[in-house]
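**Student:** One-letter residues, chain by chain:
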Amino acid sequence: MKCRICGKPAVIKLRAHNIALCPEHFVEFVQKQTAKAIKHYKMFEKEDHIAVAVSGGKDSLALLDILTELGYKVSAFYIDLGIKHMDYSKTSKEKAQAFCEKKGVKCLVYSLPEMFGMGIDEAARKSRRTPCSLCGMTKRYLMNVAARDLEADVIATGHNLDDQAAALFANLMRWDVSYLAKGYPVLPAEHGFPKKVKPLVFLTEREIAAYAIVRGIDYVRYECPHSEGARFLVYKEHLNAIENMSPGTKRRFYQGYTENIWRFQIESPDQCEKKDEEESPMKPCKICGMPTAAEDGICSFCRFWRPDEVKKIKGQE
Amino acid sequence: MITVKINGEERQMPAKGTIRTLAVDLGLNPETVLFVVNGMLQTEDYRLQDGDEVEVVSVVSGG
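Protein chains in written order, with the working numbering: chain A, 1 to 317; chain B, 1 to 63.
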């Protein structure tokens, strides 16, 4: 198979685009698709400072590589969840830090074992919560902290087209309208939280993995032990089966949704009433100072990870 | 017949076999994998040679 652009041997065929490309033109293709998504969804400008959430996986390291190659001002941060199974967190951290160093990008590390003496597994066991729900809350909080510490204008994550399409598929299966209203690849800055963007939404997982291989990015090849058998993977499997029969389906599915998202953002009178009742003003957390809507003024992160300080505050009141 | 190594394990394949036929034999959806042969990413029409070392890279992650 030959490269459509230069005729040299191709390393990948992109059936959704009906092209085969050599390494050089494939790298150019991926970087152009990312630049196109950034422009199309008005994610950020050249003068903005972008904080990239790096996990050591293919998507986040590829994103860091692409943004630096496109000339953006980039910093990175890594959240060490302390997952001991197969040295998952240790290996991920090493790969993330090594790649940041190679690219000359500053990388802040937020380590749960160092900050709180335990990782996500132990914390989940003690609290009888699932590691995934605890992980979601913890990462959302630490992302905002990282943006503040790095003085960044925007947080960029490595979510790709497959991630977005699978989430959309799952939310549609449940008709979860509140989530369907929020699946846009840009989350604006509000209530003191920074803007969050997903610049890889035009690229499939396969394209990003191929980019990482072609660019020689050393990423963690195995999965978080908690994601094995996750329902999310089932949605991806079904979408990939359709994609194999009809290339371009995932892209049409997700991009069509972003053009029609406003249909899910119109609230019924019932929802408006409920929202008015539920919405309480944001205020700084009494412990960490990050914005929170909690009535007692203590954010969910501090309530979980800083119980001694919560007791102290409650005792003073 | 030729012998190739797939993720470290030897496997017999018909001569003139390609990555496409290998993917079918392994029951893999081509949208979910990449094939790295002797350290180089290859397209599905690559004709496998005796002694080739193939790494099947899964691209699907749990998010």
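Check each hint, because a few of them may be wrong.
[Unchecked claim] Here are the simulated DSSO-like pairs of lysine-lysine, each with C-alpha atoms no more than 30 Å apart in a straight line:
no., chain 1, residue 1, chain 2, residue 2
1, A, K2, A, K139
2, B, K16, A, K84
3, A, K286, B, K5
[Stated by the list, open to error] Pulled a few chain B residues facing chain A out of the computed Cβ check, cut under 7 Å:
no., residue
4, Q12
5, N29
6, E31
7, G39
Just so you know, the hints here were simulated from the structure itself, not pulled from any lab data.
A virtual CB, placed ideally from N, CA and C, is assigned to each residue, including glycine.
**Student:** If you check each hint against the structure, which ones fail?
**Tutor:** Failing hints, ascending: 1, 2, 3, 4, 7.
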